Every structure is written in C-alpha cells, then in structure tokens.
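Peer 1: Sequence:
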Amino acid sequence: MSQVQKKKQRLSLDEESAAGSPKTGTKGRPAGKSVAGKGGVGKRPRESAVRAGDPVPRGKKRRYKPGTLALKEIRKFQKSTDLLLLKLPFSRLVREIALSVRPQGEGMRWQSQAIQALQESAEAFLVHLFEDTNLCAIHAKRVTIMQKDIQLARRIRGAWGGLG
1 MSQVQKKKQR LSLDEESAAG SPKTGTKGRP AGKSVAGKGG VGKRPRESAV RAGDPVPRGK
61 KRRYKPGTLA LKEIRKFQKS TDLLLLKLPF SRLVREIALS VRPQGEGMRW QSQAIQALQE
121 SAEAFLVHLF EDTNLCAIHA KRVTIMQKDI QLARRIRGAW GGLG
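For the sequence shown, position 109 matches number 109 in full-length UniProt numbering, and the numbering has no gaps at all.
It should be emphasised that the hints constitute simulated quantities derived from the structure, not laboratory data. Just so we're clear, the structure is a prediction, and the values are computed from it rather than from any experiment. Any given hint could turn out to be false.
Stated by the list, open to error - Straight-line C-alpha distance at most 30 Å; calculated DSSO-like pairs for lysine-lysine:
{"no.": "1", "residue 1": "Lys60", "residue 2": "Lys43"}
{"no.": "2", "residue 1": "Lys61", "residue 2": "Lys72"}
{"no.": "3", "residue 1": "Lys72", "residue 2": "Lys148"}
As the list claims (entries may be wrong) - Taking CB as the label site, the calculated pair distances span:
{"no.": "4", "residue 1": "Arg102", "residue 2": "Phe125", "range": "16 to 24 Å"}
{"no.": "5", "residue 1": "Gly67", "residue 2": "Arg46", "range": "46 to 54 Å"}
{"no.": "6", "residue 1": "Gly107", "residue 2": "Lys60", "range": "54 to 62 Å"}
{"no.": "7", "residue 1": "Arg75", "residue 2": "Glu106", "range": "40 to 48 Å"}
{"no.": "8", "residue 1": "Asp82", "residue 2": "Lys61", "range": "51 to 59 Å"}
{"no.": "9", "residue 1": "Arg58", "residue 2": "Gly107", "range": "52 to 60 Å"}
{"no.": "10", "residue 1": "Leu93", "residue 2": "Pro55", "range": "50 to 58 Å"}
{"no.": "11", "residue 1": "Asp54", "residue 2": "Thr144", "range": "44 to 52 Å"}
{"no.": "12", "residue 1": "Arg157", "residue 2": "Glu120", "range": "17 to 25 Å"}
Glycine residues also receive a C-beta, built at the ideal position from the N, C-alpha and C atoms.
Using the sequences and the hints given, assemble the complete structure.
Peer 2: Spelled out as structure tokens, the structure:
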C-alpha cells in the first residue's frame with residue numbers, strides 16, 4: 001500500500017467516527033458541554049486500589065542453600081545458654097524413674113531446683129556425648145552420626161565416663 005492510500009484510509013476512519021456526533025472537544029465530549037461535578041470544585045483525592053484489610057502482598061519465600069539453615073541453627077544454639085529440653089516432660093521422666101527405683105507406696109517430693117540441677121547435668125552429658133560421637137563419625141570419614149559412633153564414644157569413655 002502506498003502512503004497516499006494509507007492517508008485516505010485514515011481520513012475515512014476519522015470521518016466515520018465523527019459523523020454520528022457533533023463537533024467534539026476534549027476527551028470526546030461534545031463542545032460546550034461540561035461534565036457534572038467537575039465545575040470549579042477542584043480535584044477529589046484519588047482512591048487507592050489497596051484497601052484496609054486486604055492481605056499484604058508478599059514476594060517469594062526465601063530459599064536458602066542446603067546446609068545454610070543448619071549452620072545458622074548451630075550458631076544460635078551455641079550462643080544460647082538456656083536449657084534445650086522442655087522442663088515439664090523432663091520433670092515427668094525424672095519422677096517416673098524415681099518411682100520405679102523407690103519401694104512401692106512411698107511417695108517422693110521434688111524441689112524445682114533439684115530437677116533443674118538434674119536437667120543441667122543431663123544436657124551437659126548429652127552435649128559432651130554428641131561431641132565425641134561427631135568426632136567418631138568424622139574419624140570414620142562420615143558426616144552423619146550413627147548408633148555405632150555413640151557406642152564407640154561410650155566405650156572409649158569407660159564405665160563411668162561422664163564429663164571430662
């Protein structure tokens with residue numbers, strides 16, 4: 001198509017759209033007509049698309065590389081000094097073991113400090129055991145600890161090998 005033919009086609013399209021209405025002013029409104037509510041009042045504040053109560057848009061959940069969160073968790077637990085085992089289940093376990101050791105019918109009362117001392121020593125024992133277990137796994141050129149590593153660590157410690 002030549003440029004002259006394109007211009008004629010555009011003019012014919014413009015004439016068809018304007019033929020049905022009188023001369024138009026701004027934004028396709030007839031000349032001299034005003035839109036209701038748009039007098040000398042001024043601009044109204046624009047309504048935002050987001051309303052109160054709408055859920056907050058969130059992006060993708062962050063994906064860490066494998067092992068990063070584990071290292072982060074290790075650092076967190078190494079920094080903290082608080083107990084890791086829950087107090088109530090540990091207390092129930094201590095009371096249950098104490099009942100199995102004592103003769104039937106004899107009740108036993110516990111001070112909270114006594115249970116706390118037992119929990120402190122139990123956690124220290126377990127942490128030390130897992131440190132030795134990890135060393136055994138590393139010695140076997142593994143990263144994952146296994147039951148045989150725990151058994152070896154306890155065997156090396158001896159019969160009464162506690163903290164040391």
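Peer 1: Against this structure, judge whether each hint is valid.
Peer 2: Now the hints, each set against the structure:
1. A hinted pair counts as satisfied when its Cα atoms are at most 30 Å apart, and lysine 60 with lysine 43 does not qualify at roughly 38 Å.
2. Under the criterion of a C-alpha separation no larger than 30 Å, the hint pairing lysine 61 with lysine 72 is consistent with the structure, at around 17 Å.
3. Under the criterion of a C-alpha separation no larger than 30 Å, the hint pairing lysine 72 with lysine 148 is consistent with the structure, at around 27 Å.
4. Checked against the hint of 16 to 24 Å, the pair arginine 102 and phenylalanine 125 passes, with Cβ atoms roughly 23 Å apart.
5. With their beta carbons about 49 Å apart, glycine 67 and arginine 46 fall inside the hinted range of 46 to 54 Å.
6. Take glycine 107 and lysine 60: their Cβ atoms lie about 57 Å apart, and the range 54 to 62 Å holds.
7. Judged by the Cβ atoms, the range 40 to 48 Å given for arginine 75 and glutamate 106 holds: they are separated by roughly 46 Å.
8. Separation of aspartate 82 from lysine 61 is about 28 Å and departs from the stated range, judged on CB atoms against 51 to 59 Å.
9. One distance hint, 52 to 60 Å for the beta-carbon pair arginine 58 and glycine 107, holds here, with the actual separation near 55 Å.
10. Remark: the range hint 50 to 58 Å for leucine 93 to proline 55 is contradicted by a beta-carbon distance near 44 Å.
11. The beta-carbon spacing between aspartate 54 and threonine 144, approximately 47 Å, falls within the hinted interval of 44 to 52 Å.
12. For arginine 157 and glutamate 120, the Cβ-Cβ distance of about 20 Å falls inside the hinted range of 17 to 25 Å, so the restraint holds.
Checked against the numbered hints above, the structure violates hints 1, 8, 10; every other hint is satisfied.
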